[in-house]
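Q: Chains W and U are the protein sequences, given in the same order. Quick note on our numbering: the first sequence kicks off at 1152 and runs consecutively. Quick note on our numbering: the second sequence kicks off at 1152 and runs consecutively.
Fair warning: there could be bad hints in the mix.
Pairs count within a copy or across copies, as identical chains cannot be separated in the list.
Straight-line Cα separation of at most 30 angstroms, DSSO-like style, residue types lysine-lysine; simulated pairs [claimed, not checked]:
#1 K1376 <-> K1334
#2 K1196 <-> K1221
#3 K1221 <-> K1241
#4 K1221 <-> K1236
#5 K1196 <-> K1241
#6 K1338 <-> K1376
#7 K1241 <-> K1374
#8 K1221 <-> K1443
#9 K1301 <-> K1374
#10 K1376 <-> K1236
#11 K1196 <-> K1374
#12 K1338 <-> K1374
#13 K1196 <-> K1376
#14 K1301 <-> K1196
These are computed hints drawn from the structure, not numbers from a lab.
2 protein chains.
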Amino acid sequence: MIQINSFNRSRFLYTKAFIVFFLLLAEATSGEAQQKPSVVVEDFKPASTNQAGSEYPQVNSEGRVRVRIKAPEANNVQLNINGVKYPLTKSSDGVWMGDSNPLDEGNHYYGLVIDGADVPDPGSTYIFGSGAWRNDIEIPARDQDFYAMKNVAHGQLREIFYYGNASQSIRHCFVYTPPDYDKDLTKRYPVLYLLHGYREGESGWGNQGHAGLIMDNLLAEAKAKPFIIVMENAGTTGDLSKRGGLAGFDFGVFEHILLEDVIPYIDTNFRTMADQAHRALAGLSMGGMQTKRITLANLNTF
Amino acid sequence: MIQINSFNRSRFLYTKAFIVFFLLLAEATSGEAQQKPSVVVEDFKPASTNQAGSEYPQVNSEGRVRVRIKAPEANNVQLNINGVKYPLTKSSDGVWMGDSNPLDEGNHYYGLVIDGADVPDPGSTYIFGSGAWRNDIEIPARDQDFYAMKNVAHGQLREIFYYGNASQSIRHCFVYTPPDYDKDLTKRYPVLYLLHGYREGESGWGNQGHAGLIMDNLLAEAKAKPFIIVMENAGTTGDLSKRGGLAGFDFGVFEHILLEDVIPYIDTNFRTMADQAHRALAGLSMGGMQTKRITLANLNTF
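Here chain W stands alone, though its shape is the one from the complex (with noise of 0.2 angstroms):
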């Protein structure tokens, strides 16, 4: 036993508050203690986003990401939630597993880091998003049901071709028409044009946006009236990073190819309402800013 007198017990009390500060200070600044927090609550299942009977990856209640990949001869496996890494740890049959922190709902982009490599997880399907097709993950939200697949009745997600003399190639769109549009072939609808954000795509929003469900949804209780949404590609994928990024686009160009492709081919391949009282834009992050453009230019069109 150690006997403590005043002096020594003061000086206990200072080494033992320096050595619980330098804890608190080693566990603040860790990588390892921010990334692998001690309580991980063991109710992981395999995510909605998954490949059909893939059991991994997986998300608990607390919106952790539990990762799994079989890579033997590695020495350093990762996984990287938007550029967040936590590291993995190998099992003596080499399997990598580890988990993220806890992460708001809905909707993130991942992939692996395998040797230094990045690459998708096998485990999950595909989207289009931040400027490649790659993996996400769905972490459940709390008002979910409003994007669940319902036994309702479904509108339809139509993949479009057609040659664009404004864009002088030939486009790609996705429409999404309502639950009725086939049944009375004498109704026409309003139309919205619905925009993505920077380095998404047309598929996004029919994609991880759920569009189509949202609408399925909304339409079944009456919440909405049934109009046509059409997706297309606001000319920000590809090699727009060589163009000098978001600062360096010029959103005049989609303008054109919206207002003399797009729409006019809409208005001629399907039963719209064809005035701007039945015409509306919108768009998410960089689309909001095409959005207000656009519009504020042609408020006879929208």
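Position chain U relative to chain W; hints supplied.
A: Relative to chain W, chain U alone:
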């Protein structure tokens, strides 16, 4: 110099013969020799199946695939084309590259192996084939013109969700409608139900099968009359391998689904000619086996 007398010359020839024999044996049994032929035509170009803007993978005029992946800490990286593995070579900047042997023209499934981990190549896009969403690569075919993207009138590839009573689940299928489908709303069309192969899915004919482009091009040249194509999931994805593979697969299940869910849904929701004379069934590989069984058992339907 070595002087060769008759005895020595004989021994020399035997030795030489043995050396040649063992070199040939080594070449015949070495994966390295088989996989790295000495002459490679250096006219590689990015594949048509690449992600937008990706320089790699590439294909040359011999049909070789060249892949590239940055994996600075990796010990061993391979290109895996349908199970045939080709070694990659690392350069000083941590980039691995390598070529395959010449491949048959058309579509091939492939991936990378990084230190024992089977992962996709992030340079390519993804299709569903061989039981999972994975990479494919297109080796240009001599007759590629018939499925090329052209400035012709294009049909629509429609993604459909509907509840099936026989399958007691929400079903997912793709329907190709010909370019004139939304022009004359009184016209009705024959229907082809087009089945996929073993461990493929409802997206295969529309994606890597280019069914829509083939029809668009045939119709543009008046080589076909317009019809609807329905591409459903014939039930062999997911956990089929756990059910005993193809041999253990009960074709009767999909027969019920096709007759009780799929055909009634399509005849109700599309302008079909809903009789035996205008309804056909066809399929690739296992889909051909299903076609034979289901049509012969239902001669009044197909």
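Q: Each of the hints needs a verdict: does it hold here or not?
A: So, going through the hints one by one against the coordinates:
In this assembly of identical chains, the alpha carbons of K1376 and K1334 lie at most 30 angstroms apart whether taken from the same copy (15 angstroms) or from different copies (25 angstroms). For the homomeric pair K1196 and K1221, the shortest alpha-carbon distance inside one copy (19 angstroms) is at most 30 angstroms, but the shortest distance between copies (32 angstroms) is not. For the identical chains of this complex, K1221 and K1241 are neighbours both inside a copy (9 angstroms) and across copies (22 angstroms), given an alpha-carbon limit of 30 angstroms. Taking the shortest Cα distances, K1221 and K1236 sit within 30 angstroms of each other both inside one copy (18 angstroms) and across copies (17 angstroms).
In this assembly of identical chains, K1196 and K1241 lie within 30 angstroms of each other by CA distance solely inside one copy; the values are 21 angstroms within and 38 angstroms between copies. Taking the closest pair of Cα atoms, K1338 and K1376 come within 30 angstroms of each other both inside a single copy (13 angstroms) and across two copies (28 angstroms). For a Cα distance limit of 30 angstroms, the shortest separation of K1241 from K1374 qualifies neither inside one copy, at 50 angstroms, nor across copies, at 58 angstroms. In this homomeric assembly, K1221 and K1443 never come within 30 angstroms of each other (Cα to Cα): the closest approach is 48 angstroms inside a single copy and 41 angstroms across copies.
In this assembly of identical chains, the alpha carbons of K1301 and K1374 lie at most 30 angstroms apart only when taken from the same copy (16 angstroms versus 41 angstroms across copies). Proximity of K1376 and K1236 under a CA criterion of 30 angstroms is satisfied in neither setting, with 44 angstroms inside one chain copy and 55 angstroms between copies. For the homomeric pair K1196 and K1374, neither the shortest alpha-carbon distance inside one copy (32 angstroms) nor that between copies (51 angstroms) is at most 30 angstroms. For the identical chains of this complex, K1338 and K1374 are intra-copy neighbours only, at 19 angstroms inside a copy versus 34 angstroms across copies, given an alpha-carbon limit of 30 angstroms.
In this homomeric assembly, K1196 and K1376 never come within 30 angstroms of each other (Cα to Cα): the closest approach is 36 angstroms inside a single copy and 49 angstroms across copies. Proximity of K1301 to K1196 under the C-alpha cut-off of 30 angstroms is restricted to the intra-copy arrangement: shortest distance 21 angstroms within a copy versus 45 angstroms between copies.
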